[in-house]
Every structure is written in C-alpha cells, then in structure tokens.
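**Q** Knowing the structure of chain H, use the given hints to seat chain Y on it.
So you can see what is in the structure, the chains are spelled out below.
Protein chains: 2
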Amino acid sequence: MCVLVGTEDKEVITLAHGSGGKQTARLIDEFFVPAFHKELHDGALLNISGQNIVFTTDSYVVQPLFFPGGDIGTLAVNGTINDLAMCGAKPLYLSCGFIIEEGFLKSDLQRIVQSMQQAAETCGVSIVTGDTKVVERTGANNIFINTSGIGILMSEKAIHPARIESGDCIVLSGDIGRHGMAIMAAREGFSVDLKSDCAPLFDPVQVLIQAEIDVHCLRDPTRGGLATTLVELAEQAKLSFHIEEEKIEVSSPVKSVCEVLGFDPLYVANEGRFVAFVPESQAAKTLKSLSEFYEKPAIIGHVHNRSGDRVIINNALGTSRYLHRLVGDQLPRIC
Amino acid sequence: MCVLVGTEDKEVITLAHGSGGKQTARLIDEFFVPAFHKELHDGALLNISGQNIVFTTDSYVVQPLFFPGGDIGTLAVNGTINDLAMCGAKPLYLSCGFIIEEGFLKSDLQRIVQSMQQAAETCGVSIVTGDTKVVERTGANNIFINTSGIGILMSEKAIHPARIESGDCIVLSGDIGRHGMAIMAAREGFSVDLKSDCAPLFDPVQVLIQAEIDVHCLRDPTRGGLATTLVELAEQAKLSFHIEEEKIEVSSPVKSVCEVLGFDPLYVANEGRFVAFVPESQAAKTLKSLSEFYEKPAIIGHVHNRSGDRVIINNALGTSRYLHRLVGDQLPRIC
Numbered sequence: 063m064c065v066l067v068g069t070e071d072k073e074v075i076t077l078a079h080g081s082g083g084k085q086t087a088r089l090i091d092e093f094f095v096p097a098f099h100k101e102l103h104d105g106a107l108l109n110i111s112g113q114n115i116v117f118t119t120d121s122y123v124v125q126p127l128f129f130p131g132g133d134i135g136t137l138a139v140n141g142t143i144n145d146l147a148m149c150g151a152k153p154l155y156l157s158c159g160f161i162i163e164e165g166f167l168k169s170d171l172q173r174i175v176q177s178m179q180q181a182a183e184t185c186g187v188s189i190v191t192g193d194t195k196v197v198e199r200t201g202a203n204n205i206f207i208n209t210s211g212i213g214i215l216m217s218e219k220a221i222h223p224a225r226i227e228s229g230d231c232i233v234l235s236g237d238i239g240r241h242g243m244a245i246m247a248a249r250e251g252f253s254v255d256l257k258s259d260c261a262p263l264f265d266p267v268q269v270l271i272q273a274e275i276d277v278h279c280l281r282d283p284t285r286g287g288l289a290t291t292l293v294e295l296a297e298q299a300k301l302s303f304h305i306e307e308e309k310i311e312v313s314s315p316v317k318s319v320c321e322v323l324g325f326d327p328l329y330v331a332n333e334g335r336f337v338a339f340v341p342e343s344q345a346a347k348t349l350k351s352l353s354e355f356y357e358k359p360a361i362i363g364h365v366h367n368r369s370g371d372r373v374i375i376n377n378a379l380g381t382s383r384y385l386h387r388l389v390g391d392q393l394p395r396i397c
Numbered sequence: 063m064c065v066l067v068g069t070e071d072k073e074v075i076t077l078a079h080g081s082g083g084k085q086t087a088r089l090i091d092e093f094f095v096p097a098f099h100k101e102l103h104d105g106a107l108l109n110i111s112g113q114n115i116v117f118t119t120d121s122y123v124v125q126p127l128f129f130p131g132g133d134i135g136t137l138a139v140n141g142t143i144n145d146l147a148m149c150g151a152k153p154l155y156l157s158c159g160f161i162i163e164e165g166f167l168k169s170d171l172q173r174i175v176q177s178m179q180q181a182a183e184t185c186g187v188s189i190v191t192g193d194t195k196v197v198e199r200t201g202a203n204n205i206f207i208n209t210s211g212i213g214i215l216m217s218e219k220a221i222h223p224a225r226i227e228s229g230d231c232i233v234l235s236g237d238i239g240r241h242g243m244a245i246m247a248a249r250e251g252f253s254v255d256l257k258s259d260c261a262p263l264f265d266p267v268q269v270l271i272q273a274e275i276d277v278h279c280l281r282d283p284t285r286g287g288l289a290t291t292l293v294e295l296a297e298q299a300k301l302s303f304h305i306e307e308e309k310i311e312v313s314s315p316v317k318s319v320c321e322v323l324g325f326d327p328l329y330v331a332n333e334g335r336f337v338a339f340v341p342e343s344q345a346a347k348t349l350k351s352l353s354e355f356y357e358k359p360a361i362i363g364h365v366h367n368r369s370g371d372r373v374i375i376n377n378a379l380g381t382s383r384y385l386h387r388l389v390g391d392q393l394p395r396i397c
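Each protein sequence line maps, in turn, to chains H and Y.
Under this note's numbering, the residues of the first sequence are numbered 63 to 397, in order.
Under this note's numbering, the residues of the second sequence are numbered 63 to 397, in order.
Looking at chain H on its own, in the form it has when it is part of the complex (with noise of 0.2 Å):
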C-alpha cells in the first residue's frame, strides 16, 4: 500500500505561491522557465530596428480596492511605471486590462479609472489601449486590473543586478512597510495614521541618471519585501550583501501595526521605495540627489565577495544573520 502525504499541497497552486517569496521563485521554476525556455523578467530589454525599449506587464488584484494613500487605480499605474523605471526606462506607454466581477459598482469603476488617469497624466504616461472583460458574480466586489507597459531606456549602461559590484553601496530611498501595513490596517479597521508610500519612482531614478551616477542596479521591493529583494538580487549577482538593520528606517506607525499583527517590516510591501546599487565613490552623490525627493535616504549596506550569494544582516547589538526569502505567505493580495 502506498500511501500519499501532503500531495494536495504539492499538487495545487496555494496563495504563498503568489508571495513574492519562496515559493513564487519554485512556481516560476518548475512551470515557467521549462515552458518558456528562460526566465521572464520584470522589465523585459527589447531591440526593436536599434531601439531599445523596455516592456513589462503586471497585474493588481489588491484588496481593499481603496486604501489610504491609494486605490488599486494608483497602484496599477505607478507600479507598472515602476518596474520600468527600475530598468532605467522612462515610462512611455500603458495598457490596461480590466477583469471585473458582475455586481460591481459602476461608481467604484469610476472611481478607479479616475486615479489610472490622474496617476498617468502625473507621470506625463499615456494609457493607449485597453480591454474590458466580465466575470460571474462570486459575490466580493472585486476588479483585477492588469497593466503592461513600454519604456525607453535612458541610462547608456545596463542597470542590471549582473552589474552589481563588490565594494558597492546599498541605499535605500527611505523608510520601509508603509503599503503592507496601510492595506493590513485597513482590513483589520485599524485607527492608526497610516498611508500606502505608492508613487511614481520614475523621477527619482532619472536624477540619478542625469547627475550621471554610475547605477549597477535598482529594485523597489514591492511582494516579499526588503528581505526577499535583497537575497534574489544577491543570488543573481553571485555576491553577498552585508546590511546594517539600524540603517533601515522604519516609521512608528508601521513599526506598531507590524507588532500587533506579527509581521517583521523587512518582509512588508512598499510601492513607493527602492534600492541603488551604486559606486562607493558616488555614494555621496546618490544620496544628495535623492533628498530632493526623500527625507531620509541612507546607505543601508555594502556588497562583499565573500561570504557566498547570501544576505547577512548586523543588528544595533553586534549579532548578525542571514536574511532569507519569504517563506509562505505573510500578505496576500497586497499588489
């Protein structure tokens, strides 16, 4: 007799499979790279008759649909926009793909192609061409909303995490958690003054450019966090991350929902922040160019080329450990 255990588990796509962590990485492992002999990136570098244009796509199925600091609109926009920008392309051109659920309120729907269209024009984006689909009634409110997006690449070299270099440093634009924690907040009707950091991070990232700061790589660590940015960014570079934990700065409000609810903030959604890798010479720079735009961008961290293609993290006690992906799912439906 053969007996089988766990194989439901193993069988089926579960909701970690959609975390941005572990399990995402296997999903795409096991299914995707087989299927499409490569790994499909978050912005894909096109040549298309010697242009170089970038294309991404993306979906949002967040819930609530509106939150402080945003809507699934917003967020559609700017996170698309900001997969591009992470590649060094100015934003150009968007789709949009609307999956709505019969029931839904045409005033909610307003709403939402309300703050795409706000979203877009404040980012100088034009939303080009669209789709409209209805699905049966399951009876949550529910609209999942895909965007798909097209760049030009600004910088002349690759911004890349192949580009990342031991001696490099790591900044972070500013303070993490803030979207996981407005969207956690505002399912469990918390009263905590608590907005999503959802933006546009194009502008940023072309000062940068402009102030012709050598970026390797860039990365806003949206599913999965800080921590799981930083540990697939440091296995595809091969190298490891050394970060100081006091450097990452964490707001009150955050830091108290997280206690509550049991999350660690290294693992929480942001939507609005990213990670340069840039030159130590150029450090200096990176960080004045980005308190135009934020109040406490810092150097979080360096890269090293010991210690293997992990993330090692010191705390303000002088104990150290290594960070890992997401494992399971911390927050569902955050994007």
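These are calculated hints, taken from the structure and not from any lab test.
Bear in mind that the values here come from a model prediction, so they are computed numbers and not experimental data.
There's no promise every hint is true.
If you want the footprint, here are the derived chain Y segments under chain H, 3+ residues with CB under 8 Å [to be verified]:
id : region
1  : 113 to 121
2  : 187 to 194
3  : 205 to 217
The beta carbon of each residue, even a glycine, is placed where N, CA and C say it ideally should be.
**A** This is chain Y only, laid out in the frame that chain H set:
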C-alpha cells in the same frame, strides 16, 4: 415620494458589459473615454523614435479552460497576436500576466503554459515578461490570463476603419461561429464534431500585404460575432455595408448547436477568422491569396455611401434587414 425603478441594473456592471456588444460600447463611452480622454483601440499605433510600433492588450477568462481546438493558453497567445495582425503589424513580443485561484491544479497550469509556448513558437513570437498573482479560492478551478503584445507595422498605408471606402469589397476568410459554439458544446456536454477555429492570423495578413493588395481595413469578429464587428466598422467608417447572407458560410455542426441553444451564428464569437475591406479591383487577388489558407474565403458584401452608417443584410428570399450590435449577453466568457 420618489420610486427608483431598476436602479440596481443601472448602477452595477453586468455580464452584458463584457459581451462585446452594445453595453460594452456604452461602458467604454461612459467610463473610459471621459477618463482617458480618448477611445482605447484594440491596437494602438505608437511612434517610438521613428519606429511604427503597435501595442495591444487582452485578458482571457474563457470557461471551460480546455475545449476542442485549444485552451485558454492557445487563445491568450493567438488572440493577442491577432489583434496585432488586424492592424497590419507583425507580432514580435508578448507579455503574460496570470491571475490564478488558490487550489488551481498545477497539472492544468503546466498544460496551459505549454500551449502558450507552442502557440508563440508557431508564430515566431517571444513571451518575454510575465507576472503571477494568486487570489483566494472561490471554488471554481479558475485562471485568468492577460497577454499584451508588441508588433511592428508591416503595411505602408494604415489599415484602419477610416480607410474603408465606398465600393470596397468585404471579404470573409472562412466559415463562422466555430469558437463560440465549440465552447458552448463543451459546456453543455454535447457530443458533436466541432472544434474552435482558434488560430493565428498573421500569415494570411502578411500574404495579402506581400501581394501588394491595398488592404483598407481588417477585423477579426470575436466577441459579438460578425454582425457586431460589421456594425462597429460601419459606424466608424460612416458608410453602409450591404451583406449577402447566403455568402456567409456556416458549417453544419455550428448550425446544429446554434439551433439547439437558440443562438444566431452571426453573433457567435470566432477566434480564427477575419474580414478584409479591399478595393473591388483587388478582390479576386485577395480571394486567391486567402485560398492558400482557407477553404472558402468569400466576398460577402460591398460598401456604399448611401443608407447612412448601417449594415443591411439580404437573405436568399430577397428580403433585407438591418443588423445591430449584440444586445445583452449571448455568450459569457468565451475568450
């Protein structure tokens, strides 16, 4: 006292808003045109540093996911490729965004991504960027796929409804109704020899362009069927179309399923057929070129500058009637 009658229907999204017919057009006019300050076309023509790029997006929510002649993966690749082809663009790159319900079978996901890769390979198109989200279980074994596509314009002159002229021949590439009726037969469990016509359309379009046929307009009659497509084009061209019903080929199995379920084949979705508007002098050449790909391409009608922007269909008995857009919802979730 004020009594509101039927407000609920007016204030919420219904399945009819996703049918591709009259209510879809109204939804676009009511929400997307005012917010985005323009109509969002199926394919947007973009000039990026002198390159004529076409950009399009579509979400796929078909049920059942697997049907005779294809699956949601085949459809998601071919459907978006076809939107590009209908603009006269050679499809180059696709993005794919998956929204997967928790509990979805991994084996089904594997079949779907393999179908996508095969369909892309057949057309020489690369899937270059992707995203996966997982949403809470509703009980259905559900997956939604968005694909966005980038193509490069092949035709020297625009292929667009504005170029339709009085005197143009209206050529239909093959028989109609296969996709919608294959889906409905699969849902109802009918035992009938009927496959979806789901297929990529770029090769026949390329042959028309290479044969130097001055194609004025192309359109694939998907949601809403041939009738809705013709009405939309007549309105956009501000011309009238006179159609001969007996020239429109409908296969026996499609006729049978339509009769049993009470559908009109003119309103049933296709995923591998198109109408071409060409000058009468080039109609014979168009039919000859299309006969490389299709059994029965046919001239189904002509364009006139009388009778307003209406579609008039004459039947074999010599009587004629106006065609209208699909009203209500004939076929939910067929693409």
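**Q** Which numbered hints does this structure break?
**A** Nothing - there is no hint that the structure violates, so all of them hold.
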